[in-house]
Amino acid sequence: MSTLLECKNLSKRYEKGMALSDLNLKLESGRIIGLLGPNGSGKTTLLKLINGLLVPTSGEVRILGNTPGVETKSVISYLPDQTYLSANQKVTQIIDTFADFYADFDRSRAYHMLQKLNIQPSERLKTMSKGTQEKVQLILVMSRRAKLYCLDEPIAGVDPAARDYILTTILNNYAEDATILISTHLIQDIENILDEVVVLQNGKLKLQASVEDIRMERGVSIDTMFREVFKC
Amino acid sequence: MLGKLIKREWTSNYKGLLLLHAGLLLLCTIGHFILAPYVHSAIANSNDVSVSSAPYMILMTAYILAIIAVSFATQLIMVFRYYRTMYGKEGYLTHTLPVTPVQILFSKGLIFFVWYVIDFAVIIVSACLLFSASPFQAELLTYVDDLAAHMGISTGFLYGFVIGYMILAIIYAISMFYCSVNIGCLFHTHKIVASIVTYFLIYIVTQILSTIILMCTSYLPNVLNASNQSSPYPPDGFKDIFGYTGILSVVLCIVFITVSGYISSRKLNLD
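If you read the protein sequences in the order shown, they are chains R and Z.
Residue numbers are given in this note's numbering: position 71 of the first sequence equals residue 71, and the series is strictly consecutive.
Residue numbers are given in this note's numbering: position 244 of the second sequence equals residue 244, and the series is strictly consecutive.
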């Protein structure tokens with residue numbers, strides 16, 4: 001396993017305060033990593049910094065040795081925490097866009113997943129429910145053969161039945177040398193697929209450990225540990 | 001990748017804009033049959049505008065307003081699309097595509113430019129339809145020949161100069177629009193209002209700069225003197241002022257584009 005992502009003294013300040021503060025973090029390839037933390041802990045900010053959607057206040061983030069740019073964007077597949085595709089477009093048109101720009105996009109995989117979830121490719125996004133739109137976005141993101149998948153709340157808006165399919169999809173659709181970084185509050189739903197967790201609190205790294213170590217050392221599940229640590 | 005970006009930019013809203021311009025051309029064609037006889041008659045008898053021509057005048061006003069509205073709508077659609085795809089939710093896709101910020105700006109600017117040219121072309125066609133076969137058309141062409149001779153240049157050069165100046169004016173307008181949006185979106189809230197305010201501030205500053213240039217050249221005194229004369233040609237210094245404002249426009253275009261490139265690559269914050 002090699003270092004896929006590295007944050008060095010990474011900080012991001014918003015008007016209201018620090019979202020990330022002096023974060024040092026290394027992620028290796030071939031892992032499924034849960035990015036956990038309470039609201040406002042800096043999870044979404046970190047994912048945006050990795051994807052070049054925010055400029056760091058100080059420090060740096062490197063993906064395979066490169067700062068966010070053309071090279072990193074061609075190997076990172078990012079799912080934001082909101083619907084971000086043009087609602088007027090048909091699913092087929094969006095697939096064409098992805099296939100045009102991302103060399104690692106697998107069109108047949110996308111159509112196969114759409115069929116499995118009973119989503120009509122000829123439909124426009126605006127005619128779909130919010131949950132279905134989120135499924136479409138996840139399908140597009142997981143249809144890439146990326147090195148790093150950044151998924152921000154991928155299962156928050158979908159029904160429990162679809163969650164199982166989505167998690168199976170995530171498991172079945174990533175290469176062994178790829179890493180998946182999943183930010184979520186629904187820890188119980190995903191902890192069975194995680195190799196490692198990164199826990200943020202107030203923009204700082206609270207914990208980075210393998211799931212197995214946490215279970216062995218603390219004798220509790222990740223969900224229980226999270227509830228104990230962040231008990232209000 | 002640039003070609004793909006240009007294709008994506010064009011296909012995103014060409015249908016609506018083509019429909020809008022096709023509608024305007026249809027209106028112009030209808031206007032040609034209804035209004036052209038009136039225009040010809042009004043030009044031929046400039047002192048004889050009867051009361052019965054009032055409906056024609058209303059139609060003519062509506063016709064001109066329609067042309068302005070389509071042109072304004074095109075600009076509004078393109079600027080709003082820029083905002084939406086750069087700083088709105090769609091910005092998440094735009095800025096995660098494996099392309100450079102310069103490529104994104106260029107593709108958007110190019111398609112905006114194409115729509116500006118289409119706009120100009122439609123306006124010129126509509127004017128031609130209105131004035132076709134009227135004595136005014138022949139008079140205008142003769143005037144252009146005389147003006148070129150008066151300025152000591154060939155007619156072809158004058159046409160080339162006007163087209164070149166129009167291209168510069170379009171690039172200037174687009175780069176100013178984009179620069180205003182980019183600066184406006186540096187604000188954390190009320191980004192659209194901030195963009196509009198920025199646009200007007202830039203406009204005021206550039207107008208002040210242009211006025212200073214006018215004051216520094218011989219053009220303004222010549223204009224004041226010429227107001228007492230009945231010459232059909234622009235006063236002396238006309239060429240100079242185009243030269244000075246042309247240079248100013250090029251410099252400002254470079255500034256606007258540099259600022260836009262800097263903000264979209266170094267100051268991007270999709271919060």
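These are computed hints drawn from the structure, not numbers from a lab.
Careful: at least some of the hints might be erroneous.
[Claimed, not checked] Short derived list, chain R residues pointing at chain Z, Cβ under 7 angstroms: (1) N24; (2) L25; (3) K73; (4) D81; (5) Y84.
[As the list claims (entries may be wrong)] Under the rule of at most 25 angstroms between Cα atoms (straight-line distance), these lysine to any residue pairs were calculated in the SDA-like manner: (6) R:K16 x Z:L270; (7) Z:K15 x R:S221; (8) Z:K267 x R:P160; (9) R:K90 x Z:R266; (10) R:K16 x Z:K15; (11) Z:K15 x Z:A66; (12) Z:K89 x R:Q208; (13) Z:K191 x Z:K4; (14) R:K130 x R:A103; (15) R:K126 x Z:V114; (16) R:K126 x Z:A66; (17) Z:K7 x Z:V114; (18) R:K126 x Z:I170; (19) Z:K15 x R:T83; (20) R:K16 x Z:T198; (21) R:K206 x R:Y165; (22) R:K204 x Z:K191; (23) Z:K7 x Z:I170; (24) Z:K89 x R:D22; (25) R:K26 x R:Q93; (26) R:K16 x Z:K89; (27) Z:K4 x Z:L17; (28) Z:K89 x Z:D146; (29) Z:K7 x R:F105; (30) Z:K89 x R:V211; (31) R:K16 x Z:A73; (32) R:K204 x Z:K267; (33) R:K16 x Z:R266; (34) R:K130 x Z:R266; (35) Z:K4 x R:Y111; (36) Z:K7 x R:K130; (37) R:K126 x Z:L20; (38) R:K126 x R:A87; (39) Z:K267 x R:E60; (40) Z:K15 x R:K231.
Beta carbons: idealized from backbone N, C-alpha and C, even for Gly.
Here is how each hint holds up against the structure:
Interface hint status for R:N24: violated, as the beta-carbon distance to the closest one in chain Z is roughly 22 angstroms, over 7 angstroms. This hint is violated: R:L25 has a C-beta 21 angstroms from the nearest C-beta of chain Z, more than the 7 angstroms allowed. At about 4 angstroms, the closest approach between the beta carbon of R:K73 and any beta carbon in chain Z falls short of 7 angstroms, and the interface hint on this residue holds. Contact between R:D81 and chain Z, as hinted, is not supported at the beta carbon level, the nearest pair being about 10 angstroms apart and thus beyond 7 angstroms.
The interface hint given for R:Y84 holds, since its Cβ lies 4 angstroms from the closest Cβ of chain Z, which is under the 7 angstroms cut-off. For a cut-off of 25 angstroms, the pair hint linking R:K16 to Z:L270 stands: about 15 angstroms separates their Cα positions. A C-alpha spacing of about 54 angstroms is found between Z:K15 and R:S221, which places the hinted pair above 25 angstroms, so the restraint is violated. Proposed proximity of Z:K267 and R:P160 is contradicted: the alpha carbons are some 39 angstroms apart, above 25 angstroms.
The straight-line distance between the Cα atoms of R:K90 and Z:R266 is roughly 33 angstroms, outside the 25 angstroms bound, and the hint therefore fails. The suggested pairing of R:K16 with Z:K15 is violated, with an alpha-carbon distance near 42 angstroms, which exceeds 25 angstroms. Restraint check for Z:K15 and Z:A66: the C-alpha separation of about 19 angstroms stays at or below 25 angstroms, so the hint holds. For the hint linking Z:K89 to R:Q208, the alpha-carbon distance of about 31 angstroms lies beyond 25 angstroms, and the restraint is violated.
The straight-line distance between the Cα atoms of Z:K191 and Z:K4 is roughly 29 angstroms, outside the 25 angstroms bound, and the hint therefore fails. Between R:K130 and R:A103 the alpha-carbon distance is near 28 angstroms, which puts this suggested pair outside the 25 angstroms criterion. Among the hinted pairs, R:K126 with Z:V114 is inconsistent with the structure: their alpha-carbon atoms are about 29 angstroms apart, more than 25 angstroms. Using a Cα cut-off of 25 angstroms, the hinted pair R:K126 and Z:A66 is violated, with the two alpha carbons roughly 31 angstroms apart.
Restraint check for Z:K7 and Z:V114: the C-alpha separation of about 13 angstroms stays at or below 25 angstroms, so the hint holds. For the suggested pair R:K126 and Z:I170, the alpha carbons sit about 34 angstroms apart, so the restraint of at most 25 angstroms is broken. Pair hint Z:K15 plus R:T83 holds up; C-alpha atoms about 24 angstroms apart against a cutoff of 25 angstroms. For the proposed pair R:K16 and Z:T198, the alpha carbon gap of about 24 angstroms is at most 25 angstroms, so the pair holds.
Note on R:K206 and R:Y165: the hinted pairing is violated, with a Cα-Cα distance of about 31 angstroms set against a maximum of 25 angstroms. The hinted pair formed by R:K204 and Z:K191 fails the criterion: a straight-line CA distance of about 30 angstroms is larger than 25 angstroms. Taking the CA atoms of Z:K7 and Z:I170, the gap is about 21 angstroms. The hint holds against a cut of 25 angstroms. Under the criterion of a C-alpha separation no larger than 25 angstroms, the hint pairing Z:K89 with R:D22 is inconsistent with the structure, at around 28 angstroms.
Restraint check for R:K26 and R:Q93: the C-alpha separation of about 37 angstroms exceeds 25 angstroms, so the hint is violated. For the given pair, R:K16 sits about 22 angstroms from Z:K89 by alpha-carbon distance, which is consistent with the 25 angstroms threshold. Only pairs whose Cα atoms come within 25 angstroms are accepted, and Z:K4 paired with Z:L17 is accepted, the gap being roughly 20 angstroms. Taking the CA atoms of Z:K89 and Z:D146, the gap is about 55 angstroms. The hint is violated against a cut of 25 angstroms.
Between Z:K7 and R:F105, the direct Cα distance comes to roughly 19 angstroms. Compliance with the 25 angstroms bound is thereby established for this hinted pair. Between the alpha carbons of Z:K89 and R:V211 the distance comes to roughly 34 angstroms, so the proposed pair goes past 25 angstroms and is violated. Annotation: proposed proximity of R:K16 to Z:A73 is violated, straight-line Cα distance about 37 angstroms (limit 25 angstroms). A distance of roughly 23 angstroms separates the Cα atoms of R:K204 and Z:K267; the hinted pair therefore holds under the 25 angstroms criterion.
Between R:K16 and Z:R266 the alpha-carbon distance is near 21 angstroms, which keeps this suggested pair within the 25 angstroms criterion. Pair hint R:K130 plus Z:R266 does not hold up; C-alpha atoms about 33 angstroms apart against a cutoff of 25 angstroms. Proximity of Z:K4 to R:Y111 is assessed by CA-CA distance (about 22 angstroms); at most 25 angstroms being required, the pair is judged to hold. Taking the CA atoms of Z:K7 and R:K130, the gap is near 28 angstroms; set against the 25 angstroms cutoff, the hint is violated.
A hinted pair counts as satisfied when its Cα atoms are at most 25 angstroms apart, and R:K126 with Z:L20 qualifies at roughly 23 angstroms. Between R:K126 and R:A87, the direct Cα distance comes to roughly 5 angstroms. Compliance with the 25 angstroms bound is thereby established for this hinted pair. Restraint check for Z:K267 and R:E60: satisfied, since their Cα atoms lie roughly 15 angstroms apart, inside the 25 angstroms limit. Restraint check for Z:K15 and R:K231: not satisfied, since their Cα atoms lie roughly 54 angstroms apart, outside the 25 angstroms limit.
Hint check: violations occur at hints 1, 2, 4, 7, 8, 9, 10, 12, 13, 14, 15, 16, 18, 21, 22, 24, 25, 28, 30, 31, 34, 36, 40; the rest are consistent with the structure.
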